[in-house]
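Asks: Fit chain B to the given chain A structure using the hints.
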Amino acid sequence: AQTVTQSQPEMSVQEAETVTLSCTYDTSESDYYLFWYKQPPSRQMILVIRQEAYKQQNATENRFSVNFQKAAKSFSLKISDSQLGDAAMYFCAYKGNQFYFGTGTSLTVIP
Amino acid sequence: NAGVTQTPKFQVLKTGQSMTLQCAQDMNHEYMSWYRQDPGMGLRLIHYSVGAGITDQGEVPNGYNVSRSTTEDFPLRLLSAAPSQTSVYFCASSRRDRNTIYFGEGSWLTVV
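These protein sequence lines are chains A and B, in that order.
So the first sequence is residues 1 to 111, counted in the working numbering.
So the second sequence is residues 112 to 223, counted in the working numbering.
So that you can see chain A by itself, here it is in the shape it has in the complex (with noise of 0.2 Å):
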């Protein structure tokens, strides 16, 4: 079974600082998507990245872009030039036949 993992329960961040979270997944499969969700205090689930596992080049949307390394199968989130607005819980998902999602990292900016 297919299994991500977030070893990072808790992160904190200056503003305008960059921090990196990070994401190992565990599967067997050789074409695979990945993801990063942002949910903040409202728990509504949005989308922040999205990465094709046949794709070789880094995704990257603003100020968010993922290091992914499929050999060691890890994905992690770089958000530069941290924000007040990104502070909520993160959560990486793996895409195979299903979706699974890990337990989540909980961001916090300081002011």
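A portion of the hints provided could be inaccurate.
[What the hints assert, rightly or not] List of simulated lysine to any residue pairs, SDA-like, C-alpha gap at most 20 Å:
1. B:Lys-120 / A:Pro-41
2. A:Lys-73 / B:Asn-210
3. A:Lys-55 / A:Gln-44
4. A:Lys-78 / A:Thr-20
5. A:Lys-78 / A:Gln-14
6. B:Lys-120 / A:Gln-44
7. B:Lys-120 / A:Ile-46
Treat the hints as calculated values from the structure; they're not laboratory data.
Since the structure is predicted, the reported quantities are computational estimates derived from the model, not experimental observations.
Replies: Relative to the frame of chain A, chain B by itself:
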């Protein structure tokens, strides 16, 4: 832009009561699913459907029923509510390729 709509947003049930969480999507997505979110557990898949008339169990199906009579609707039924079912429930949908999943806003359920 309705997207995925869940009702009710908040509900308090007594142990043993039954209820239905409604989910509707207007994006003509084939795939729909229900998750529950508990502290420290992430999102866990309860049931899913790949199209009208087809449903299947996820990781934590016990105590829940689903049906998919139309493409748009995917209700989740709690047969006899238990305190262990206190959680936040999310409905989600996606196209057949399931490369991106869209979530509803969540339903907070408390069983006392």
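Asks: All the hints need checking, so say for each whether the structure fits it.
Replies: Hints versus structure:
no., hint, in the structure
1, B:Lys-120 / A:Pro-41, "holds (15 Å)"
2, A:Lys-73 / B:Asn-210, "holds (19 Å)"
3, A:Lys-55 / A:Gln-44, "violated (28 Å)"
4, A:Lys-78 / A:Thr-20, "holds (4 Å)"
5, A:Lys-78 / A:Gln-14, "holds (14 Å)"
6, B:Lys-120 / A:Gln-44, "holds (12 Å)"
7, B:Lys-120 / A:Ile-46, "holds (18 Å)"
Comparing the model with each earlier hint shows a violation of hint 3 alone; every other hint is respected.
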